[in-house]
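Novice: In case you want the letters, here they are:
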Amino acid sequence: MFVPCYVDQFYPKAAIATLELLEKLGCEVHYPKNQTCCGQPMANSGYEHLTGGCNNLFVDNFSGYDYIVCPSGSCTLHIKEHLHADGKEEQATEIRKKVYELTEFLVDVLRVKQLTATFPYRVGLHQSCHGLRGLRIAQMSELVAEPFSKPEQLLDMVNGLELVPLSRQDDCCGFGGTFCVVEEAVSAKMGKDRVADHVSHGAQYITSADLSCLMHLEGILRRQNSDVKVIHVAEILNHSM
Amino acid sequence: MSTATTKDHPHLAAEFNRDEPRVNWHDETLWWVRAKRDIAAHKLPEWELLRETASQIKLNVLSNLSTYLEQFEANAIKNGIIVHWAADAAEHNQIVHNLLEQRGITKMVKSKSMLTEECHLNEYLKEQGIDVIDSDLGERIVQLANEPPSHIVLPCIHKKKEEIGDIFHEHLGSAKGESDPKILTETARQHLREVFLTRRAALTGVNFAVAETGEFVICTNEGNADMGAHLAEIHIASMGIEKIIPERKHLGVFLRLLTRSATGQPITTYSSHFSKPQDGTEIHIVIVDNGRSIQLGREEFRNSLKCIRCGACMNTCPVYRKSGGHSYHTAVAGPIGSILAPNLDMKKYADLPFASTLCGSCSNVCPVKIDIHDQLYKWRQVIVKEGYSPKTKTMAMKAMALTLASPTLYRMGGKTGRLVFKYAPFAVNNKLNPWYNQREMPKAPDESFGEWYAKRKGAKNS
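Quick mapping for you: the protein sequence lines, in order, are chains A and B.
As numbered in the working numbering, residues 518 to 758 make up the first sequence, in order.
As numbered in the working numbering, residues 3 to 464 make up the second sequence, in order.
In case anyone wonders, no lab produced these hints; they're calculated from the structure.
None of these values were measured; they are calculated from a predicted model.
Any given hint could be a false lead.
Claimed, not checked - To be clear about the criterion: a stretch of chain B counts as covered by chain A if any three or more of its residues have a C-beta under 8 Å from a C-beta of chain A, and this derived list gives those stretches: (1) 39-50; (2) 203-212; (3) 312-326; (4) 406-418.
Glycine is no exception: its CB is placed at the ideal position from the N, C-alpha and C atoms.
Let the sequences and hints guide you as you build the complete structure.
Specialist: Dropping the structure here:
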């Protein structure tokens with residue numbers, strides 16, 4: 518299990534839920550303890566050339582597993598697209614093929630057809646851009662193509678959960694890594710508008726396969742003293758009453 | 003026109019965001035155009051195939067550009083068109099000026115041409131004593147307001163109708179307080195009619211230049227390019243070298259994509275073909291490079307030259323919608339502008355590839371399938387390597403890379419960070435932290451997942 522750095526530090530519950538869920542579904546899960554970060558914060562800021570250390574560490578930590586599963590679309594995409602390591606390119610290539618975001622792993626590899634979870638709330642699903650347009654875990658609104666959604670497919674298996682419709686099904690939340698501080702005004706405005714879409718449609722929770730988006734939306738919800746909460750999709754799928 | 007500013011995108015965007023109701027209005031207006039595009043695209047089951055075909059045709063063009071350009075030139079000359087070549091903006095502007103000067107022309111009407119915006123032709127001609135009137139309604143509005151266009155297809159999309167009423171009242175004599183779009187449009191029509199009838203020279207852009215026939219096609223909704231060109235004794239058409247398509251039949255692909263992507267219309271009101279001058283008149287084409295062959299040589303950024311200037315990437319871009327076209331301080335704003343501009347001046351436009359969350363919506367709406375968001379990522383790497391990023395950022399990134407490459411430093415840093423969040427929230431919750439300005443910081447949990455996992459493992463093993 519690959520737990521992104523900010524999930525490890527700020528949202529351990531999402532990682533715990535991921536672990537418990539995978540174990541419930543019969544996986545033998547290991548958490549390599551020396552893992553840190555995928556290197557995306559540097560790379561997206563234009564410093565991909567500084568990610569060698571992170572890449573090496575990643576290869577050392579994750580070589581040899583059948584699958585690498587991560588509760589974040591964004592970090593998964595970064596590994597899939599950018600993991601290279603001097604002298605260990607073969608292992609890096611292997612990892613790039615074996616790394617999965619959690620919902621795509623559940624749908625495509627484990628082929629989960631039912632869950633025992635219960636979550637009796639109205640939930641808005643926020644599509645993270647990297648999960649959506651990078652990993653294609655759901656159909657993108659811009660394309661003329663058949664609709665599908667792996668996270669939605671899983672959420673539909675949860676007892677009592679009601680997905681709320683949104684006015685803009687896959688507009689970006691504005692987090693964008695360092696964008697959220699460099700372009701603070703636009704970033705916050707994008708976040709506020711996303712939150713408003715969910716809230717105006719009656720969502721009690723906003724969920725996503727990416728906690729970076731949720732961290733951003735949570736920051737805005739809490740500033741607004743809103744009752745609406747954010748929750749990682751793993752926590753819903755692992756939720757029992 | 004250029005914006006006389008040295009402020010970067012974050013600052014200009016922050017200024018735009020001081021008026022939140024206006025940002026909402028701007029965002030909704032452009033989203034409405036995006037939604038219209040979606041409806042138009044979904045009416046064509048072959049939409050994705052059309053995009054792929056257009057992309058491939060343009061790839062062929064870029065791979066054989068010099069051949070097609072020479073073929074176009076030869077056929078255009080055969081048709082009686084006079085062809086000029088300009089290496090850069092200055093040469094383009096000079097060619098246009100010479101053509102006017104030789105004929106003693108001091109007034110010109112111009113339809114929409116983003117290339118002339120890129121070349122700052124209007125300012126140049128003004129300095130030479132030539133009066134240029136833009137005949138596209140939106141362009142005329144921003145010209146009267148002394149502003150650059152904020153969008154390549156919808157140049158005055160940032161202006162509300164009441165503001166346009168004020169501008170027309172001041173410059174065109176419409177009634178004070180008049181904001182009815184029909185009445186304002188009629189005011190502009192009357193004003194422009196007089197311009198069309200009295201101008202001896204007309205400049206237009208070029209949407210497509212057909213190598214096979216030597217003709218070129220101009221697409222407008224207002225017919226203003228035709229009005230100008232047909233009534234003038236000299237028609238000057240400015241085109242970038244990338245506007246070439248090999249054969250006339252390829253128009254069937256591009257014309258179907260262009261306006262559906264741009265505004266959601268099935269086709270532009272006027273798609274006019276110009277192949278030879280009428281008796282007693284001249285057609286001149288100025289073929290302009292202005293950095294395009296340099297971009298063609300940049301393998302990773304080459305296919306940005308496939309762009310047909312539909313503006314779909316702007317309408318869908320959440321950053322564009324919420325920061326406004328002027329915040330990009332370049333002629334072509336939005337995602338496509340942010341991958342074109344650094345080629346022209348990497349230092350001046352070093353901020354633009356960072357004015358994006360890399361959400362990827364731009365690449366998905368692009369009718370010629372330019373990998374816009376991937377190129378934004380790649381430009382970031384180039385800009386940093388060329389030394390155009392702030393030194394403080396480089397230092398912070400180096401420190402971050404060092405910490406994240408070491409499990410020990412990472413664990414120490416994480417623990418310290420969480421302790422700070424918990425016991426000294428004032429250290430992060432303050433004005434120096436841009437996150438905190440409009441957002442709360444995440445709550446720090448007592449233990450990290452790593453710490454929880456180690457305990458759990460210990461408990462399981464004991």
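Novice: Does each hint fit the structure? Answer for all of them.
Specialist: Hint by hint, here is what the structure shows:
no.: 1; hint: 39-50; in the structure: holds (count 7)
no.: 2; hint: 203-212; in the structure: violated (count 0)
no.: 3; hint: 312-326; in the structure: holds (count 5)
no.: 4; hint: 406-418; in the structure: holds (count 6)
Hint violations for this structure: number 2 only, all remaining hints satisfied.
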